[in-house]
Amino acid sequence: FQAEDGIRDSVASRGLGDVYKRQVYVVVVLLTFPLQLFPVTDMFDASGERPRAAAASRVGLVFFLAALAVAFEHKLDHVVSLLGALACAPLGLIVGPWMHLSIAASARDRALDWLSIAAGSAIAVATTANAVATWRSASS
1 FQAEDGIRDS
11 VASRGLGDVY
21 KRQVYVVVVL
31 LTFPLQLFPV
41 TDMFDASGER
51 PRAAAASRVG
61 LVFFLAALAV
71 AFEHKLDHVV
81 SLLGALACAP
91 LGLIVGPWMH
101 LSIAASARDR
111 ALDWLSIAAG
121 SAIAVATTAN
131 AVATWRSASS
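Numbering (the numbering used here), first residue to last: 1 to 140.
Since the hints were derived computationally from the structure, they do not count as laboratory data. For glycine and all other residues, C-beta sits at the position ideal for the given N, C-alpha and C. Do not take every clue at face value.
[Said to hold, decoys possible] Now the in silico label distances, taken between C-beta atoms and shown as ranges:
(1) 61 x 98: 19 to 25 Å
(2) 103 x 17: 45 to 51 Å
(3) 112 x 88: 19 to 25 Å
Please work from the sequences and hints to get the whole structure.
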């Protein structure tokens with residue numbers, strides 16, 4: 001069983017309407033993916049007020065991720081899990097409480113923020129370790 005076999009079987013074509021829906025979906029993903037990268041590129045963008053440099057960094061990141069997907073075509077699930085562990089877990093579980101620290105009014109709020117940061121860090125380390133261990137043991 002290959003991943004693409006499961007995807008192909010679960011979305012079997014039911015006619016020309018399905019083909020058009022899939023094509024529109026592909027276009028939507030291609031056009032909105034760079035927009036999803038705004039928070040990431042803003043963190044790494046050191047260009048200040050230079051919009052062309054900021055746009056170039058976003059385009060460069062998209063091409064880098066596309067090259068990564070092509071290079072690891074047969075292990076894309078492992079790449080996605082590693083990127084999720086290294087980027088999404090910290091972004092979702094650490095950055096929010098860290099930013100809230102600056103406006104936390106009470107000692108209780110700050111303590112809960114630090115507890116959330118510690119838990120998020122532990123989850124990020126555990127998911128990264130799991131992604132690496134799974135990649136090594138995978139036969140694909």
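Holds or violated: 45 to 51 Å for the Cβ distance of residue 103 and residue 17?
Once the Cβ atoms are compared, 50 Å apart, the range 45 to 51 Å for residue 17 and residue 103 holds.
Starting from the range 19 to 25 Å, see whether the pair residue 112 and residue 88 falls in it by beta-carbon distance.
For residue 112 and residue 88 the Cβ distance comes to about 22 Å; the hint holds.
Range hint 19 to 25 Å: satisfied by the CB atoms of residue 61 and residue 98?
holds (23 Å)
In summary, the structure agrees with every hint in the numbered list given earlier.
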